[in-house]
Amino acid sequence: MAGIYIHIPFCKQACHYCNFHFSTLLKYKGKLVEAIGKEIFLRQTFLANEPIETVYFGGGTPSILSEYELHSIIDALNKNFDLSAVKEFTFEANPDDLTNEQINFLRHTPINRLSIGVQSFFDTHLQWMNRAHKSAEAIDCIKRAQDAGLTNISIDLIYGTPGLSEQKWSQNLLTTFNLKVPHVSAYCLTVEPKTALAKMIATHTSADVNDGQASLQFNILMQAMKENGFEHYEISNFAKPGKYALHNTNYWRGISYLGIGPGAHSFNKKQRSWNIANNATYVKGIDMNNPLIENETLTEKNLFNEAVMTSLRTQWGCSRTYIQETFGSSYLVHLDKELQNFIKKSWLSLTDNSYILTAEGKFFADGIAAAAFVI
0 MAGIYIHIPF
10 CKQACHYCNF
20 HFSTLLKYKG
30 KLVEAIGKEI
40 FLRQTFLANE
50 PIETVYFGGG
60 TPSILSEYEL
70 HSIIDALNKN
80 FDLSAVKEFT
90 FEANPDDLTN
100 EQINFLRHTP
110 INRLSIGVQS
120 FFDTHLQWMN
130 RAHKSAEAID
140 CIKRAQDAGL
150 TNISIDLIYG
160 TPGLSEQKWS
170 QNLLTTFNLK
180 VPHVSAYCLT
190 VEPKTALAKM
200 IATHTSADVN
210 DGQASLQFNI
220 LMQAMKENGF
230 EHYEISNFAK
240 PGKYALHNTN
250 YWRGISYLGI
260 GPGAHSFNKK
270 QRSWNIANNA
280 TYVKGIDMNN
290 PLIENETLTE
300 KNLFNEAVMT
310 SLRTQWGCSR
320 TYIQETFGSS
330 YLVHLDKELQ
340 NFIKKSWLSL
350 TDNSYILTAE
360 GKFFADGIAA
370 AAFVI
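First residue of the sequence shown: 0, per numbering that gives the first Met the number 0; consecutive thereafter.
Hints listed in this document are in silico derivations from the structure and should not be mistaken for laboratory results.
The structure displayed is predicted, hence computed values, not measured ones.
Treat each hint with caution, since some may be false.
Here are the simulated lysine-lysine pairs, DSSO-like style, with alpha carbons at most 30 Å apart [stated by the list, open to error]:
1) 239 / 86
2) 179 / 142
3) 167 / 225
4) 28 / 193
5) 133 / 167
6) 28 / 11
7) 167 / 193
8) 26 / 193
9) 86 / 142
10) 37 / 283
11) 336 / 300
12) 269 / 336
13) 133 / 179
14) 78 / 283
15) 11 / 167
16) 269 / 86
17) 86 / 28
18) 239 / 167
19) 167 / 242
Label pairs and their in silico Cβ distance ranges [claimed, not checked]:
20) 252 / 359: 19 to 27 Å
21) 190 / 133: 19 to 27 Å
22) 179 / 83: 26 to 34 Å
23) 179 / 65: 25 to 33 Å
24) 135 / 190: 23 to 31 Å
25) 138 / 86: 23 to 31 Å
26) 138 / 218: 19 to 27 Å
For glycine and all other residues, C-beta sits at the position ideal for the given N, C-alpha and C.
Using the sequences and the hints given, assemble the complete structure.
See the structure below:
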């Protein structure tokens, strides 16, 4: 099985914390959409006829596309790939874009899952993030999508932001539960270089992220999700039973995927590649039938490190059997040795021959995985 990711690199405005590749200059949107369609044609053999199980429109802001533009990309996918085995077709959207007209249009496309960028249900926090929508718009668009039959909805939330009290974070979660969405992605705010947020903190126009506060809010998140019937199946992701994000789950399981669009990444189990993250240069390369792509051939060490990092983030953990069968005894001995200290700290458990993060260990997932890397 394999997946296809389509990167739509446009936004109405720049969120202060965002470091993804995007542009707020919409003048050349149509030309870039044409280039995306052509790249789909040029790279139709990348997945070597593996059945396509998932399609994911991300960004940027896919919901900024017109009906014609979205149709043209979907048509290109259908012409160049067999999508008959697709189980999940996700479309990222911002609340301010989800008008009744767009919701009605989406109902008549193959899209069967919405990922809505809510981030917070407090207008003061949305303003601080420089989001384009209001809290009321987020609540309203979710209800209207559900009423229209688009009930497979995930929402994004952010915690650890300066000024977000534990009480308000709990209220964000309560509002989420009242909306009865089956999936939530909740991310701890990180300060990325060269973002507006990094500059705001450096110039003291915003407080820095408080790790202690973020840890407390992560614990509130885990407890509230458990009490409301959500499974904590990946560090930042919670789902009702059977509502896991299949596309992202396949990322963590090492399934092949093709990334289309400027800045998009691809993986075929042997190589990782990424498109140039410049819209104009990307279009120029596609126009010349020469997609500008960088490649990295993954060594056995690379593949081991990725397997440890991605599997530890999930509720299924890092399987000792898989490590033994895939990489051999020397890698398993190394893994066992490096992870023993975390078992002693009660950050990891060894269950059914798999290393699984405990509730306390989940806040240190990246550090635990890095400690087990083979350098």
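Each hint tested on the structure:
no.	hint	verdict
1	239 / 86	holds, 17 Å
2	179 / 142	holds, 10 Å
3	167 / 225	holds, 19 Å
4	28 / 193	holds, 24 Å
5	133 / 167	holds, 16 Å
6	28 / 11	holds, 12 Å
7	167 / 193	holds, 29 Å
8	26 / 193	holds, 24 Å
9	86 / 142	holds, 24 Å
10	37 / 283	holds, 12 Å
11	336 / 300	holds, 16 Å
12	269 / 336	holds, 27 Å
13	133 / 179	holds, 20 Å
14	78 / 283	holds, 23 Å
15	11 / 167	holds, 27 Å
16	269 / 86	holds, 25 Å
17	86 / 28	holds, 29 Å
18	239 / 167	holds, 23 Å
19	167 / 242	holds, 26 Å
20	252 / 359: 19 to 27 Å	holds, 25 Å
21	190 / 133: 19 to 27 Å	holds, 25 Å
22	179 / 83: 26 to 34 Å	holds, 31 Å
23	179 / 65: 25 to 33 Å	holds, 30 Å
24	135 / 190: 23 to 31 Å	holds, 29 Å
25	138 / 86: 23 to 31 Å	holds, 29 Å
26	138 / 218: 19 to 27 Å	holds, 26 Å
Going down the numbered hints, you'll see the structure goes against none, and every one checks out.
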